Each structure stands twice: as structure tokens, then as C-alpha cells.
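Protein chains: 2
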Amino acid sequence: MLRSCVSRLRMLAVLGGPPGVAPLPAKDPWSPRRSFSSEVIHMDLSLPNPSWSEDMRLLFDQFMKKSEDGSWKHLPSYKSKFTQRTEDIKIYFPDAKLMKEKLSQAQLFPRSFEEGLGFEYAMFHNCVEDRTVCIFQGGPYLQGVPGFLHGGAIATMIDATLGMCAIVAIGFAMTASLNISFKRPIPLGSVVVINSQVDKVEGRKLFLSCNIRSVDEKTVYSEATSLFVKLDPKTRLT
Amino acid sequence: MLRSCVSRLRMLAVLGGPPGVAPLPAKDPWSPRRSFSSEVIHMDLSLPNPSWSEDMRLLFDQFMKKSEDGSWKHLPSYKSKFTQRTEDIKIYFPDAKLMKEKLSQAQLFPRSFEEGLGFEYAMFHNCVEDRTVCIFQGGPYLQGVPGFLHGGAIATMIDATLGMCAIVAIGFAMTASLNISFKRPIPLGSVVVINSQVDKVEGRKLFLSCNIRSVDEKTVYSEATSLFVKLDPKTRLT
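Taken in order, these protein sequences are the chains called A and B. If you read the first sequence in UniProt numbering, its first letter stands for residue 1, the second for the next number, and so on. If you read the second sequence in UniProt numbering, its first letter stands for residue 1, the second for the next number, and so on.
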């Protein structure tokens, strides 16, 4: 089981990684790195930065510690401009001219804010239990009702975490449905933990669920269920 | 019915407007304006800008034309830094020190991108049919699967549109649940129309639904249902 999980993670890395994860070197696919290519910056944005609160740093360190025996894996993520990968994505976006124009500026949505202003997060996958955990700190640009995160910002991190859990399980996949119950508002700047898991697999369909809890696990902020569908490389999306 | 709707919209303006809508002058609460206050910029971001495509401009003009007889109302929106309104929001965020620190940089999530990069949108409320329409152009920073909008970006605009529809109907409200069916991916840069409506009111609960269609209305991209709950000013959220 453990070997199978690591194998899936390595395969994703060789294929170029999930959306938002830039191509990684074959030798050590999960090590953080930075390249000053003129077009693509391979900077892992899921590592601690000065905007992270003490709670974020402590949680990150705890999960990195848990990753030492290989049962957990830290999942790096990038802005992914995709300019090196236009050939790969023609299958999903057949109008090459429009694609080039639109994608030249494209950035992964949850990674498109400056440091500390938007979504600060790191994800870890548990290879034994087949689940993904996201530690998340919501910045001041994610406001909805004054002082609290916008429902769309919460939905975004839920979708991103469930999506990563789905991708590790079955490869490239898209959200087909998302059902969220917002139980308590999340204050701006606070740190929460998103726990996601695969509930059922039916062919290309993957059923997942998650919850968002406070760091001390006492407060449940949101719960969600979702359906993801594996993308068929032979099928165009448009 | 028409008078009641306009009255509700005016009352919201006098109260300071819905989240993301800055306080408006009593004389003409719906006219666009700009003030160069050192702290709050009252610039209506739902007006056409150079990043808008021809489709966006045409749709905007069509809805502005429909607004001439008063049956539709253009709903302006702002980044809303809320620095003038800390007294008003203490009821929802009782820790005054933390509130001041967190809210000094706070921006309404869907308005926190630079022009053309994120959410470009304008909303109109139909006072006869009690429904809100949002015309939306998704910028390159909202990417999920390469070439398409992130599920979280779609959820954000759905939540924002349903939220505005709820606010016009019952006053300040928060999302309690959101159920989205993503039927087709939305290409980056395309323009879509979000049609939302109130389905049922039960005390403080408001049930709404919406769909996202292409400009020619032939393609249904997403459908959603939701429950919003009216906020009680006497109840603290934390």
C-alpha cells in the first residue's frame, strides 16, 4: 500500500505533477527547489515564509516530522505558468492561438496572491490512510463578511484539497460536484486544518469528503462532500 | 413590489451597503463615484474597464439599458477596506485589537485582484422578479486545470451572486450551505452569466438557486442551490 502510494506520487511528478505543481526532477521529485528560468519559476510556495503565524509553523513542523518515516508526504505547489507545457495541455484546450494568449499570464488560482495576502497553505498526503491534509492560513484579501473569510475562499481551499487528494488517488481529475456546509465563520488570519479522504471509487468517479477544524480540533468550521471525475486524455474539454 | 425592492436597496445603501459595498451618499445611492480618501477608495469596480471583452461590454450595456425603467438596478461594488466602519463590525468581531490589525489590509475577496487578472464582474438586481444577475469574465489568475477556471473561482462567483441576491432580499446574511454541480469547465477569459433567484424564505433562512450559462444561453456550465441565514446584529459570530 505504502509502495503503491509513493509510486503514484512519483508518477505524477514524472508526468509534470498535478495542476499547480510544476514539472519536478526525476532524481528527487519532492525536494523544494528554485529555478530562475525566464518563463517559469519553480519555487515551492508551500514552504514557511515570514507571513506564516506561529500556529502555521508549528503545524508544518509537526507534519514534516511525521513525514520522516514515509507514511506522510509533503506535496509542494507552484504558481505554474505552464508556458513550458503547451503541448501537454492542447488536449484540453484545442484552440492553440487562444490558449497561448490566455495561458501566458495564467497562474494557479490559490497561488496567485502575493505572500501573506491570500491563501497560505501546505498539503501533506498520508500514504497509509489515503488522505490529504491541508494546513491553511487565510490572508486579508480573502474577506467576505467583515473580519471573516469569504465563503468562496473557503470553497476554494476545500476544492484544492479534495482535488489534490483525488489526483494522488486516480491522476488528473476535475470537480463534478461540491456540497459544503458552513458551520461557523472563519476569522481572517486564523489557521485551520482541512482533512480530506477518499470515500469511494467507482470507475472514473471518485467520491471524497472533508472537514475544516481549528488547530486544537475542537471547532468544526465546515464540512463538505464532493465528486471528482478522472480526466480522459483523449477527450477534449471544449 | 417595485417600490418595496427599491426601498430595500436604498435602506442597504444608508446602512453602509452589503459586504464589499462602501457607504453611499443618501441623495443618489446608486451613482458611481470616486473619493480619494486616504483610507478608503470609493471606486465602483463593477463599471467597464479596458480589460473587459466585447461580450462583457455588450452585456453590461444591455443591462444598463434594461435599468432605465427602474425594473433592474445596477449594484456597484468596492474593495471596501472598512477602516471607516470598525464600530459597525465590532458586533461580529469582538476582539477590537485583533480586528484593527486584521482589517487594516482587508479587501473583499472577489475584488482583491488587479484589473483584468481575477474576477471582472457586474451585478444587476431585478426588482420585479426578485433575482440577481451577474455578468462575469474570469481572468488568468483564476486558473485550475490548464486553460480553465478553478472550481473555487466558480464557487466564489456563485457565492458572491447568491449572497448579493440574499442581501437585497433580507439584509446582511451569511452562506450556511452551498451545493454546486459543475457541468462543463469554463475556459479562462470567457464571459458567462450567473442567474440567481430566491426560491423560498423561512424566517431567517433564505433558500436560493442559480445557474451559470454562456452569453448565448446555449451552454449550462454550472448549477447551484444554497441556504443563507440572516445575521442577527445582537449575535456575535465568534
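Note that these hints are calculated values from the structure, not bench results. From a predicted model like this one, the values you see are computed outputs, not experimental measurements. Careful, some of the hints might be misleading.
Which copy is meant is left open, because identical chains are indistinguishable; a pair holds if it fits in one copy or across any two.
Stated by the list, open to error - Pairs of lysine-lysine residues, derived as DSSO-like cross-links and limited to a Cα-Cα distance of at most 30 Å, are as follows:
(1) Lys200 <-> Lys230
(2) Lys218 <-> Lys200
(3) Lys183 <-> Lys200
(4) Lys218 <-> Lys205
(5) Lys205 <-> Lys65
(6) Lys218 <-> Lys230
(7) Lys218 <-> Lys79
Status of the hints after comparison with the structure:
Taking the shortest alpha-carbon separations for Lys200 and Lys230, only the intra-copy value of 13 Å comes in at or below 30 Å, while the best inter-copy value is 36 Å. Taking the closest pair of Cα atoms, Lys218 and Lys200 come within 30 Å of each other only inside a single copy of the chain (27 Å); across copies the shortest separation is 33 Å, beyond that limit. In the homo-oligomer, the alpha carbons of Lys183 and Lys200 lie at most 30 Å apart both inside one protomer (25 Å) and across protomers (21 Å), since each shortest distance falls under that limit. Taking CA atoms no more than 30 Å apart as the test, Lys218 paired with Lys205 passes between copies only; the shortest distance there is 26 Å, against 32 Å inside one copy.
Taking identical chains as interchangeable, the C-alpha atoms of Lys205 and Lys65 are never at most 30 Å apart, the minima being 33 Å within one chain and 45 Å between chains. For the homomeric pair Lys218 and Lys230, the shortest alpha-carbon distance between copies (25 Å) is at most 30 Å, but the shortest distance inside one copy (34 Å) is not. Proximity of Lys218 to Lys79 under the C-alpha cut-off of 30 Å is found in neither arrangement, the shortest distances being 33 Å within a copy and 33 Å between copies.
Comparing the model with each numbered hint stated earlier shows that hints 5, 7 do not hold.
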